[in-house]
Amino acid sequence: MTEEDTRAAVLESLQEVAPEADLDGLDPDESFRDQIEFDSIDYLNFVLIMERKLGLKVPELDYPRLASLSGAVVYLETKIIGAGKAP
Amino acid sequence: MKLPTLIRKAPHGKERDGNMPDYDEARRSFTWERARAELDVPDGTGLNIAYEALDRHLHGPAAGRVAIRYLGRKGEKQDFTYRDLTALTNRFANVLSGLGVGKGDRVFSLCGRVPALYISALGTLKRGAVYCPLFSSFGPEPIQTRMIIGAARVLVTTAALYRRKIAPIRKDLPCLEHVLIVGEERLPADSGCHSFDDLLANANDRFRIPDTDPEDMALLHFTSGTTGKPKAAVHVHAAVIAHHITGRLALDFHPGDVFWCTADPGWVTGTSYGIIAPLTNATTMIVDEGGFDAERWYRVLQDENVTVWYTSPTVIRMLMRAGADLPRSFDLSRIRFAASVGEPLNPEAVTWGDKTLGFPFHDNWWQTETGGIMIANYASLDIKPGSMGKPLPGIEAAIVRRRDGGGIEILSSSGIEGELALKTGWPSMFRNYLGEEERYRTCFAGDWYLSGDIVKRDDDGYFWFVSRADDVIKSAGHLIGPFEVESALMEHPSVAEAAVIGLPDPIAKEVVKAYVSLRKGQQPSEALRRELMAHARQRLGPTIAPREIAFERKIPKTRSGKIMRRLLKARELGLAEGDVSMLEEED
Chain H
1 MTEEDTRAAV
11 LESLQEVAPE
21 ADLDGLDPDE
31 SFRDQIEFDS
41 IDYLNFVLIM
51 ERKLGLKVPE
61 LDYPRLASLS
71 GAVVYLETKI
81 IGAGKAP
Chain S
88 MKLPTLIRKA
98 PHGKERDGNM
108 PDYDEARRSF
118 TWERARAELD
128 VPDGTGLNIA
138 YEALDRHLHG
148 PAAGRVAIRY
158 LGRKGEKQDF
168 TYRDLTALTN
178 RFANVLSGLG
188 VGKGDRVFSL
198 CGRVPALYIS
208 ALGTLKRGAV
218 YCPLFSSFGP
228 EPIQTRMIIG
238 AARVLVTTAA
248 LYRRKIAPIR
258 KDLPCLEHVL
268 IVGEERLPAD
278 SGCHSFDDLL
288 ANANDRFRIP
298 DTDPEDMALL
308 HFTSGTTGKP
318 KAAVHVHAAV
328 IAHHITGRLA
338 LDFHPGDVFW
348 CTADPGWVTG
358 TSYGIIAPLT
368 NATTMIVDEG
378 GFDAERWYRV
388 LQDENVTVWY
398 TSPTVIRMLM
408 RAGADLPRSF
418 DLSRIRFAAS
428 VGEPLNPEAV
438 TWGDKTLGFP
448 FHDNWWQTET
458 GGIMIANYAS
468 LDIKPGSMGK
478 PLPGIEAAIV
488 RRRDGGGIEI
498 LSSSGIEGEL
508 ALKTGWPSMF
518 RNYLGEEERY
528 RTCFAGDWYL
538 SGDIVKRDDD
548 GYFWFVSRAD
558 DVIKSAGHLI
568 GPFEVESALM
578 EHPSVAEAAV
588 IGLPDPIAKE
598 VVKAYVSLRK
608 GQQPSEALRR
618 ELMAHARQRL
628 GPTIAPREIA
638 FERKIPKTRS
648 GKIMRRLLKA
658 RELGLAEGDV
668 SMLEEED
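Listed in order, the protein sequences are those of chains H and S. FYI, my numbering numbers position 30 of the first sequence as 30, with every residue one higher than the one before it. FYI, my numbering numbers position 363 of the second sequence as 450, with every residue one higher than the one before it.
No lab work stands behind these hints: they were computed from the structure. Hints are supplied without guarantee of correctness; some may be wrong.
[What the hints assert, rightly or not] Just a few of them, taken from the derived set where beta-carbon distance is under 10 Å, the chain H residues facing chain S:
hint : residue
1    : Ala21
2    : Asp34
3    : Ser40
[Unchecked claim] Within a straight-line C-alpha distance of at most 20 Å, the following computed SDA-like cross-link-like pairs (lysine to any residue) qualify:
hint : chain 1 : residue 1 : chain 2 : residue 2
4    : S       : Lys161    : H       : Ser70
5    : H       : Lys53     : S       : Arg634
6    : S       : Lys161    : H       : Asp62
7    : S       : Lys161    : H       : Lys53
8    : H       : Lys79     : S       : Ala409
9    : S       : Lys161    : H       : Ser31
10   : S       : Lys161    : H       : Ile36
11   : H       : Lys57     : S       : Gly410
Glycine is no exception: its CB is placed at the ideal position from the N, C-alpha and C atoms.
Pulled out of the complex, with its shape left as it was, chain H reads as follows:
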């Protein structure tokens, strides 16, 4: 799985929860919640969808690290490599 795939999985998960959000204009370094309408239940659903898509488990403590697009990609890449799922 490439970094591009991970990014696509994050964006697809966001879109599933908030299909109205314009993700093209998303600032990758800013928190999602400051840019799109997203409440705490949305955030939880977003993490659960991503876990399912990528087949991994994100400990609750790490949730804040998924708050922005760049943060989420970096974090998930590390997880994927750690889990030995990288090519």
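With the hints as your guide, set chain S onto chain H.
Same frame as chain H, now just chain S:
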């Protein structure tokens, strides 16, 4: 695991040193006159909530105490003493006078937990105007509906929220004259907006609160029923008597406590216990702008030395998800009392607090209409996990059944389910639904207020929530009216009909699920499902929009055309469908 049925309070422990060491004795001796006498009412000038919250403390030991400690989103911290907050709210009252806003005029807020919100709320009350908070996560439709019903004349908001949610609907808000924008950004002069900060900086910090009749309208809080538009519950200045005394008895406030209410300021808890009661009781309030984050929240509890904490079942269940190890790395020993409100707290959550955090959560029950806590678990009373607790001193609660053709029957035996009713006459009882006298009247039978909640009472006098009598949905502490959601869905050109129910959810208690039937020629598809989700979220905002949408060939209705939401729910949960004799025939 078997849960304990009772969490005992030590006979001589710290709990017994609370404001109400003996519940039964407190009930016997309580009168509302004595509760009112705890407030210092200036001779002949009536009763004003903001005076009781702020100015009253200026000549006492609390004058220099921190009233609000604001923790900003970016880590900034700012303290406001009672003296500071008095001066700032005086300024805001003068700002309103300068704009020609006076007694009875409605001032709305649409913003997060920032100091300007508290200054606006209390400054509005000083001016004699009426304060109405809105959820900042509402979409433009619920905002517009509420601002029209409430005849909003002034709105306090931020530039970002204004652009996203108000500018597109401003032409449809004929009563709205002044928009005050909080923060550094200045909108162009032709936007019809003023800078909140500039107006405040240029206003005088002295203000004489006009004589206020205790029955003058003070607050508007919106709530929802199964059908019809949202209702604006009217509260008056006398409500402060109940805010103050319930803060003392149900939340065990002592002067100098550090209190954190995590409720959103957009709903009634965020005002009654997020602004008024903690200030009348001279506590220091923590105002945390950021959203939920388990680790950060434990840190706030520890670093700010929080002594009394009022939160919600959804938050507690999210903390439970985060595990038992996390809180062990924090010192939470300063917390003397923790309470929960929003929806019934499951017994596991009460017990989890006791075992894992070192303190149990005390669930309590009240509604927008009651204005303050009515039934509670108290510091000094043993907790039965899962129970709402017992009625406050001064509150008479009964279980009733509505008779066909009017009137009620009081069910006095324990264990019987019926509707929770409260004897009228407590000061924070709502006085009307604005402009809807008839809807208001249907909430009462004789001198009983009918809550719409089905409960039972056990042999020891503890009340237990059973269900709602109507179809409103409780999701993460929000009360959602299905009609408002259904109406928004039906505005989509592909939708013929819509029905909305609450599905049980392990975290939020319920989540909104919608069923839609499509117009002729429209086919169900994943793309259309997403389009409808987007449509609803754009109009309603994430908090009340459905989290799930399913297509139905036909929405089940009675022959008279009423949507059978209960049938949909029973089908969804695999339960017996009950009496379907009223169901409209399939065509």
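Hints and how they fare:
no. : hint               : in the structure
1   : Ala21              : holds (8 Å)
2   : Asp34              : holds (8 Å)
3   : Ser40              : holds (5 Å)
4   : S/Lys161 - H/Ser70 : holds (19 Å)
5   : H/Lys53 - S/Arg634 : holds (19 Å)
6   : S/Lys161 - H/Asp62 : holds (19 Å)
7   : S/Lys161 - H/Lys53 : violated (32 Å)
8   : H/Lys79 - S/Ala409 : holds (19 Å)
9   : S/Lys161 - H/Ser31 : holds (12 Å)
10  : S/Lys161 - H/Ile36 : holds (18 Å)
11  : H/Lys57 - S/Gly410 : holds (14 Å)
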